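With chain A's structure known, arrange chains B and C on it following the hints.
Sequence order for the protein chains is A, B and C.
With the first letter of the first sequence counted as 1, position 52 gets the number 52 in this note's numbering; the numbers rise by one all the way through.
With the first letter of the second sequence counted as 1, position 73 gets the number 73 in this note's numbering; the numbers rise by one all the way through.
With the first letter of the third sequence counted as 1, position 119 gets the number 119 in this note's numbering; the numbers rise by one all the way through.
No lab work stands behind these hints, which were simulated from the structure alone.
Do not rely on the hints blindly, as some may be mistaken.
[Claimed, not checked] Derived pair list, reagent style DMTMM-like, types lysine to aspartate or glutamate, alpha-carbon separation capped at 20 Å:
hint	chain 1	residue 1	chain 2	residue 2
1	C	K221	C	D112
2	B	K6	A	D161
3	A	K135	A	E89
4	A	K135	A	D161
5	B	K6	A	E82
6	B	K6	B	E122
[Claimed, not checked] Derived, one-sided and incomplete: chain B residues facing chain A with beta-carbon distance under 8 Å:
hint	residue
7	L4
8	R7
9	R10
10	L11
11	D74
12	A109
13	P111
14	R154
15	G156
16	S160
17	L217
18	R218
Given the structure is predicted, the values throughout are model-derived calculations rather than measurements.
Here a beta-carbon is modelled for each residue, glycine too, at the ideal position from N, C-alpha and C.
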Amino acid sequence: MLHVVGLGCARGGAAVLSNVSFDLAAGQALVLRGPNGIGKTTLLRTLAGLQPPITGDVVMPEEAAAYASHADGIKTALTVTENLAFWAEVYGMPLDLAVLDSFDLAALRNRQGGTLSAGQKRRLGLARLAVIGRKILFLDEPTVSLDTGSVMMFARWLQGDHLAQGGIAVIATHIDLGLDAPVLDLTPFKSAPGTGGGTDEAFL
Amino acid sequence: MIALLKRDLRLALRAGGGFGLGLAFFLIVVVLVPFGVGPEREVLRPIAPGILWIGALLAALLSLDRIFALDFEDGSLALLATSPLPLEAAALVKATAHWITTGLPLTLAAPLFGFLLLMQPEAYGYLLASLLIGTPALSMIGTFGAALTVGLRRGGLLLSLLVLPLYVPTLIFGAEAVRRGAAGLDASGALILQGGITAGCFAILPFATAAVLRINLR
Amino acid sequence: MSWTRPVLPWTFGLAGVCLVVGLIWGFFFTPDDFRQGSTVKIIYLHVPAALMAINAWIMMLVASLIWVVRRHHVSALAARAAAPVGVVMTLIALWTGAVWGQPMWGTWWAWDPRLTSFLILFLFYLGYIALWEAIEDPDTAADLTAILCIVGSIFAILARYAVFFWNQGLHQGASLSLDAEKNVADVFYYPLLVCIAGFVLLFVALVLMRTRTEIRARRIKALQARGQHA
Numbered sequence: 001m002l003h004v005v006g007l008g009c010a011r012g013g014a015a016v017l018s019n020v021s022f023d024l025a026a027g028q029a030l031v032l033r034g035p036n037g038i039g040k041t042t043l044l045r046t047l048a049g050l051q052p053p054i055t056g057d058v059v060m061p062e063e064a065a066a067y068a069s070h071a072d073g074i075k076t077a078l079t080v081t082e083n084l085a086f087w088a089e090v091y092g093m094p095l096d097l098a099v100l101d102s103f104d105l106a107a108l109r110n111r112q113g114g115t116l117s118a119g120q121k122r123r124l125g126l127a128r129l130a131v132i133g134r135k136i137l138f139l140d141e142p143t144v145s146l147d148t149g150s151v152m153m154f155a156r157w158l159q160g161d162h163l164a165q166g167g168i169a170v171i172a173t174h175i176d177l178g179l180d181a182p183v184l185d186l187t188p189f190k191s192a193p194g195t196g197g198g199t200d201e202a203f204l
Numbered sequence: 001m002i003a004l005l006k007r008d009l010r011l012a013l014r015a016g017g018g019f020g021l022g023l024a025f026f027l028i029v030v031v032l033v034p035f036g037v038g039p040e041r042e043v044l045r046p047i048a049p050g051i052l053w054i055g056a057l058l059a060a061l062l063s064l065d066r067i068f069a070l071d072f073e074d075g076s077l078a079l080l081a082t083s084p085l086p087l088e089a090a091a092l093v094k095a096t097a098h099w100i101t102t103g104l105p106l107t108l109a110a111p112l113f114g115f116l117l118l119m120q121p122e123a124y125g126y127l128l129a130s131l132l133i134g135t136p137a138l139s140m141i142g143t144f145g146a147a148l149t150v151g152l153r154r155g156g157l158l159l160s161l162l163v164l165p166l167y168v169p170t171l172i173f174g175a176e177a178v179r180r181g182a183a184g185l186d187a188s189g190a191l192i193l194q195g196g197i198t199a200g201c202f203a204i205l206p207f208a209t210a211a212v213l214r215i216n217l218r
Numbered sequence: 001m002s003w004t005r006p007v008l009p010w011t012f013g014l015a016g017v018c019l020v021v022g023l024i025w026g027f028f029f030t031p032d033d034f035r036q037g038s039t040v041k042i043i044y045l046h047v048p049a050a051l052m053a054i055n056a057w058i059m060m061l062v063a064s065l066i067w068v069v070r071r072h073h074v075s076a077l078a079a080r081a082a083a084p085v086g087v088v089m090t091l092i093a094l095w096t097g098a099v100w101g102q103p104m105w106g107t108w109w110a111w112d113p114r115l116t117s118f119l120i121l122f123l124f125y126l127g128y129i130a131l132w133e134a135i136e137d138p139d140t141a142a143d144l145t146a147i148l149c150i151v152g153s154i155f156a157i158l159a160r161y162a163v164f165f166w167n168q169g170l171h172q173g174a175s176l177s178l179d180a181e182k183n184v185a186d187v188f189y190y191p192l193l194v195c196i197a198g199f200v201l202l203f204v205a206l207v208l209m210r211t212r213t214e215i216r217a218r219r220i221k222a223l224q225a226r227g228q229h230a
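This is chain A alone, in the form it adopts within the complex (with noise of 0.2 Å):
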């Protein structure tokens, strides 16, 4: 369902991966590793068609795709539930108020965005991804200020709704959130200083 092919990608006129390769099939999940600055966020980026890529393809359903970045994308004058009804709405799906339970918000539903800690924004934010009904998953750093209990909540939605019934992910995170799923380790598709493709290079 989702295809990478020889996928290389940019970050401030510099290439930073080349020739990145794999396949996800429905129910599947993928996670990404590699020391800071190897260029996770630029992949996800790339793959959710925020940045284009130098070389290769992204090959996968129109319409099937979300994006959660390190940024939550919350507004703080919203409640908790006009957030989630935006999203849902912009979606076009209904918004099944029983997320709030997976994601332990119930409590909090009438709360405005700005009263939030860190911890409950990141969980008000991934309870985005419920709402919204994508198919293929690309988060990047899902689990940061979140408590163990919290990342277990997220990792048992991710693995029980989630890629139970077909879905996709492909997750940048440091810790381990206990899925059954492959790791992929980038420091191997590393950019050889001077490949093409980057901006700058264009100059020498």
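Showing chains B and C alone in chain A's frame:
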């Protein structure tokens, strides 16, 4: 699209200031002008249309940098860009929301401020019409400018520098329509040309804005 | 880049020769105008500068379009290089216009549509340059300024017509046009052409030089990036 419009309007209401600040600024400009040029009727009356248009323009300018900045900072702009809503539509909605929260109240308040500047009675209809036709263009052009400067930390001043020259045609036709109306001349030509500019802005600038946003999100 | 190195000194030289010949010819070897007296001779600076002020923007527009469509890096840098030259040309045109306007119209400045159009053009240049300066990433800056240039061009044309609608003005008609009957007399015309050629060559030379500088700056940046990478 409706979802985004509803959300933006709700945010403008909750955060406060959206409606109020621009209007208050407009009022202050109108109050300050007589202090600058003197209170005489024969001085104020001829310049009233121009002052009202410039005041409305500056008041609209004030809130431009908030069109995308907050969404950019909290990450929702990147999430919107990867959502099924095309960025072109998002740009259109953002401009519409900005107009509803600033342009429309300014338009409705302008005749009131016209009294303060002792404007020619015949000009009120033209003032209302020209602002109603012209302020949407101000919002759309401003949305484009806001998209250009969204990634910059101190983009506010640059935004004014970029947007104000683009406001020239709208301002000229708008103020000209009111002046002609005040002088009892036919102002329909100016209003039609202004309508053309507004229509052109809404036809072209959502695409330019979306292109600019994609570049800034890269 | 390579072909410009031998071309550059020749362009500068030729520009200098044209300007010296054109200006001396124009200032000392043409008769005074029967109405305007010797003040008419400022035309040899005013008209070429005004022409180049507009042509520089058109060149930036073309270079921006090339960058957007073909993503040819040199065109983006050429557009960037042309902007400050265009600003100076606009300022020269405005300044000489004021100096010419004082004896002719009795005022240094009038809100004449042509003068106003140039003032607005000046503002467009300022915005364009400010945007280039404000953005750190050079490719992002190139993309955004290119779009600003394209959109700005549309609004500049609109502003020009709006300004004519707004005030009919004092300015004399165009000094040059394809319709030969309206042109200035031949005695003034030929030195003017030489001066225009000089301004064009000077513009080309300056833009080439500035573009070469920009390319070198980018090359240094790329080499530094590679050094950090290794």
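Okay, the hints, checked on the actual structure:
A distance of roughly 46 Å separates the Cα atoms of K221 of chain C and D112 of chain C; the hinted pair therefore is violated under the 20 Å criterion. Pair hint K6 of chain B plus D161 of chain A does not hold up; C-alpha atoms about 30 Å apart against a cutoff of 20 Å. As the CA atoms of K135 of chain A and E89 of chain A are separated by approximately 17 Å, the hinted pair is consistent with the 20 Å bound. Of the pairs offered as hints, the one joining K135 of chain A and D161 of chain A holds, with about 11 Å between alpha carbons and a cut-off of 20 Å not exceeded.
Proximity of K6 of chain B to E82 of chain A is assessed by CA-CA distance (about 11 Å); at most 20 Å being required, the pair is judged to hold. Taking the CA atoms of K6 of chain B and E122 of chain B, the gap is about 37 Å. The hint is violated against a cut of 20 Å. Interface hint status for L4 of chain B: upheld, as the beta-carbon distance to the closest one in chain A is roughly 7 Å, under 8 Å. A distance limit of 8 Å between C-beta atoms decides the matter here; for R7 of chain B the minimum to chain A is near 5 Å, and the interface restraint holds.
At a threshold of 8 Å, the smallest CB-CB gap from R10 of chain B to chain A is about 7 Å, leaving the interface hint in force. For L11 of chain B, the suggested interface contact is upheld, since its CB lies about 5 Å from the closest CB of chain A, less than 8 Å. A least Cβ separation of about 6 Å between D74 of chain B and chain A falls short of the 8 Å threshold, and the interface hint therefore holds. Violation of the interface hint for A109 of chain B is found here, the shortest Cβ-Cβ separation to chain A being roughly 25 Å, above the 8 Å cut-off.
Interface hint at P111 of chain B: violated, since its Cβ lies 32 Å from the closest Cβ of chain A, which is beyond the 8 Å cut-off. For R154 of chain B, the shortest C-beta to C-beta distance to chain A is roughly 20 Å, which exceeds 8 Å, and the interface hint is violated. Interface hint at G156 of chain B: violated, since its Cβ lies 21 Å from the closest Cβ of chain A, which is beyond the 8 Å cut-off. Annotation: S160 of chain B was flagged as interfacial toward chain A, and the flag is violated, the nearest CB pair being 26 Å apart, outside 8 Å.
Given hint, L217 of chain B at the interface with chain A, holds; its Cβ is 6 Å from that chain's nearest Cβ, closer than 8 Å. Interface hint at R218 of chain B: satisfied, since its Cβ lies 5 Å from the closest Cβ of chain A, which is below the 8 Å cut-off.
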